[in-house]
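**Student:** This is what each chain is made of:
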Amino acid sequence: MGLYWSFVTVLVLLAITAPTALLFGFGGATAARANFLPLRWFGKAYISVVRGVPDIAFFLFFVIALDQMFELVRHQIFCPGWAEEIWQGNDFRVCPEAKLPLGNAAQWVHEVYGFFLAVLTFAIVFGAFSANVLYGAMMAVPRGQMETAEAYGMTRAQAFWRVLVPQMWVYALPGLSNLWMILIKATPLLFLLGVEDIVYWARELGGTKQARFSDYPHGDWRLWYFLGLLIFYLAFTKLSEFVLERLMRRLSHGQATIGAAA
Amino acid sequence: MKHLILTAAAVALSAGLAHAGSHSVVRMGTEGAYPPWNFINDAGEVDGFERELGDELCARAELNCEWVTNEWDSIIPNLVSGNYDTIIAGMSITDERDEVIDFTQNYTLPDPSAYLAMSMDVDVMGGAVIAAQTNTIQAAFIAEKGWTLVEFATPEETIAAVKNGEADAVLADKSYLAPFADEDPDLMFLEQEELIGGGVGMGIRESDGELKDKFDMAIQSMKDDGSLNALITKWEIGETF
Amino acid sequence: MSCWQTIQDYGLRAIGIGERLLPREDFGLCQQFTLIGSGLIWNIYFGMLALFIGFFIANAVALAKASRYYWLRKPAEWFILVFRGSPLFIQFFLAYFIFLRIKQAGYMPWLTSAQAGALIVLVLNTAAYSAEIFFGALRSVPKGEVEAADAYGFTGWKRFVRVIWPTTMRLAWPAYTNEAIFLFHATTLVFFSGFPTWKQQGDALYYANYFADKTFNPFIPYPIVAFYFILLTLTLIAAFGMVNRRLNRHLPQERRAKMRIRPNVIR
Numbered sequence: 002m003g004l005y006w007s008f009v010t011v012l013v014l015l016a017i018t019a020p021t022a023l024l025f026g027f028g029g030a031t032a033a034r035a036n037f038l039p040l041r042w043f044g045k046a047y048i049s050v051v052r053g054v055p056d057i058a059f060f061l062f063f064v065i066a067l068d069q070m071f072e073l074v075r076h077q078i079f080c081p082g083w084a085e086e087i088w089q090g091n092d093f094r095v096c097p098e099a100k101l102p103l104g105n106a107a108q109w110v111h112e113v114y115g116f117f118l119a120v121l122t123f124a125i126v127f128g129a130f131s132a133n134v135l136y137g138a139m140m141a142v143p144r145g146q147m148e149t150a151e152a153y154g155m156t157r158a159q160a161f162w163r164v165l166v167p168q169m170w171v172y173a174l175p176g177l178s179n180l181w182m183i184l185i186k187a188t189p190l191l192f193l194l195g196v197e198d199i200v201y202w203a204r205e206l207g208g209t210k211q212a213r214f215s216d217y218p219h220g221d222w223r224l225w226y227f228l229g230l231l232i233f234y235l236a237f238t239k240l241s242e243f244v245l246e247r248l249m250r251r252l253s254h255g256q257a258t259i260g261a262a263a
Numbered sequence: 003m004k005h006l007i008l009t010a011a012a013v014a015l016s017a018g019l020a021h022a023g024s025h026s027v028v029r030m031g032t033e034g035a036y037p038p039w040n041f042i043n044d045a046g047e048v049d050g051f052e053r054e055l056g057d058e059l060c061a062r063a064e065l066n067c068e069w070v071t072n073e074w075d076s077i078i079p080n081l082v083s084g085n086y087d088t089i090i091a092g093m094s095i096t097d098e099r100d101e102v103i104d105f106t107q108n109y110t111l112p113d114p115s116a117y118l119a120m121s122m123d124v125d126v127m128g129g130a131v132i133a134a135q136t137n138t139i140q141a142a143f144i145a146e147k148g149w150t151l152v153e154f155a156t157p158e159e160t161i162a163a164v165k166n167g168e169a170d171a172v173l174a175d176k177s178y179l180a181p182f183a184d185e186d187p188d189l190m191f192l193e194q195e196e197l198i199g200g201g202v203g204m205g206i207r208e209s210d211g212e213l214k215d216k217f218d219m220a221i222q223s224m225k226d227d228g229s230l231n232a233l234i235t236k237w238e239i240g241e242t243f
Numbered sequence: 649m650s651c652w653q654t655i656q657d658y659g660l661r662a663i664g665i666g667e668r669l670l671p672r673e674d675f676g677l678c679q680q681f682t683l684i685g686s687g688l689i690w691n692i693y694f695g696m697l698a699l700f701i702g703f704f705i706a707n708a709v710a711l712a713k714a715s716r717y718y719w720l721r722k723p724a725e726w727f728i729l730v731f732r733g734s735p736l737f738i739q740f741f742l743a744y745f746i747f748l749r750i751k752q753a754g755y756m757p758w759l760t761s762a763q764a765g766a767l768i769v770l771v772l773n774t775a776a777y778s779a780e781i782f783f784g785a786l787r788s789v790p791k792g793e794v795e796a797a798d799a800y801g802f803t804g805w806k807r808f809v810r811v812i813w814p815t816t817m818r819l820a821w822p823a824y825t826n827e828a829i830f831l832f833h834a835t836t837l838v839f840f841s842g843f844p845t846w847k848q849q850g851d852a853l854y855y856a857n858y859f860a861d862k863t864f865n866p867f868i869p870y871p872i873v874a875f876y877f878i879l880l881t882l883t884l885i886a887a888f889g890m891v892n893r894r895l896n897r898h899l900p901q902e903r904r905a906k907m908r909i910r911p912n913v914i915r
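Protein chains in written order, with the numbering used here: chain A, 2 to 263; chain B, 3 to 243; chain C, 649 to 915.
These aren't lab readings, by the way, just hints derived from the structure by calculation.
Any given hint could turn out to be false.
Stated by the list, open to error - EDC-like mimics (lysine to aspartate or glutamate), calculated; alpha carbons at most 16 Å apart, straight line:
(1) K176/B / E158/B
(2) K225/B / E54/B
(3) K186/A / E827/C
(4) K239/A / D861/C
Next comes chain A alone, as it looks inside the complex (with noise of 0.2 Å):
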């Protein structure tokens, strides 16, 4: 039953992932590219540090992080007479009422918090690679567009919703297409996050089970169950492949690009 639910998991999470991560995307791009000093190094410190790292790393200690990171803030606001340390030696506490879940909460609520703290760290990794998109796709748009656009008179925020950002998306759409299939790949490291994904469900019903413990003994199939993850992956992709084709002839009519040309 698991490893049924594992496949929903992963396809949910590429589901709210990507329009999420485009978000983070959009914002860091914005940022890179703004008039106020500081926002733009943020934006661009917030591209450059988080591609620079390899998203294995960033997954094995980011999301704890973020975890203490929500309970810190809500310490400060639910508990403000708190008397106790936070941290005591090792330990990360703060007050029951600041916990997230709550400690008493239901097992559904642990699993939906983890799988939300593991779409929000994809987005952050993912916002990353797709602000880099973006900010390359604002980047090829004409410049005569945007004179023009000052020539009406525009002023610099209506030039940039509607001159620079309908037309961007014909620049970025094949990089954040490729984005999109290493977002498909990187999902076999959700198991690192703590959900528990189709790898997990793989390893787990494909490892060795002895009669002792399971009606069902079987020696060691995880070459099996990894076979048909592979199926699984490349009919996936391929199946990406042809929705962002047609999706690319759509948005590429009447502009003038090679794509439209050909």
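Given chain A, put chains B and C in place with the hints provided.
**Tutor:** Same frame as chain A, now just chains B and C:
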């Protein structure tokens, strides 16, 4: 807004439960990949010696317990960070670990580590290749002896390594290896055994003295009336108290 | 123990030189930086070699995919689909399994070691990704340049080497830079899943994992890995930037493609 109301309700709820101790639900963290200690059964639930033991301990301590699984690698950081309240995962009591977390009294005697190999002729001392799971006391033991160590990420892979000839023998807890030796005619125990590490106990945050006391008392009562020994025998964990 | 002593003892630990035992107490920052840095040797080894060998294979595969001949084109397309379409994680697992079988059959026992086996997987993986990038670039070589080459009387091989190939590289380079960065990041997967670690000689992530397990504090070793990789990434970008400037040196100044990421063919 909805969120705020929910939270407020939860605060009121937990305030009401405050006199029942700070833990209305005790979350038990385990690995779920180490039969017979803990594993995932056909129904996808945590099962094994520690599942049964933990449920009994919780009943005796009048605690409401829930089971969660976590990767072995990050099982301690997640405990101190408060994502669950106990570790009950066949964790040997060692000095290193004791510096960071607290242990209850041991609920098993030290389990000897045994070598599982394809032939009785493997000479452990004389340059044989020994497999172990990464970051276990067995891996540290082999490294310290200066023998040829090869590490794998999961216990499953260490057994596979012996079967396919990558390693001459695997060193692990005897209770973990025993079912493999029983069911697979190719695999057998070497005579040599190693006593590494103390018994196994439950890991609990150092700041959680109250919870530790409750579990200590529950373990003691199970030791006293012999029910712990019965469980150890049932799951073939090792010697009884 | 002074930090200098630590560096002497553990600086080359990852390739088996220095202290045999890993440190077991007082895990200072110096120790962690040294040992994780020593593990980085393996990441650089895998990254550099895979990049170098993969580059040649990628060119061949890209040409095959662009070929008119069905029997050249189809295998290239499948090769690219399989290696681009599946997670590296699963590739490592399956490859290790296959290599074991080959070894059991009595051939090439060195395949199961990470140094050779994982390298082969990484080479094939990067070759597939780079081939797709080169293929995309090959198709977008301006027709005018090819016609100009024809007009100068270049034909066949000469036309390819002198005109088409340099332009392909020029167009593909920014995306190829990205691929190189990803490849170096992917090297952390080698010991993490897939290949076993011999005699505790692992890569940067292996040692970070070791420290995280000993100190139970993930907030020091993993950020150290992150720090090293940011340095590595910056070095890579600088090196590829130099090549990029050389590839574009003939273009008029303002038209030189800056090292901004071409959105076209990023991995």
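**Student:** List in ascending order the numbers of the hints, as given earlier, that are violated by the structure.
**Tutor:** Failing hint: just 4.
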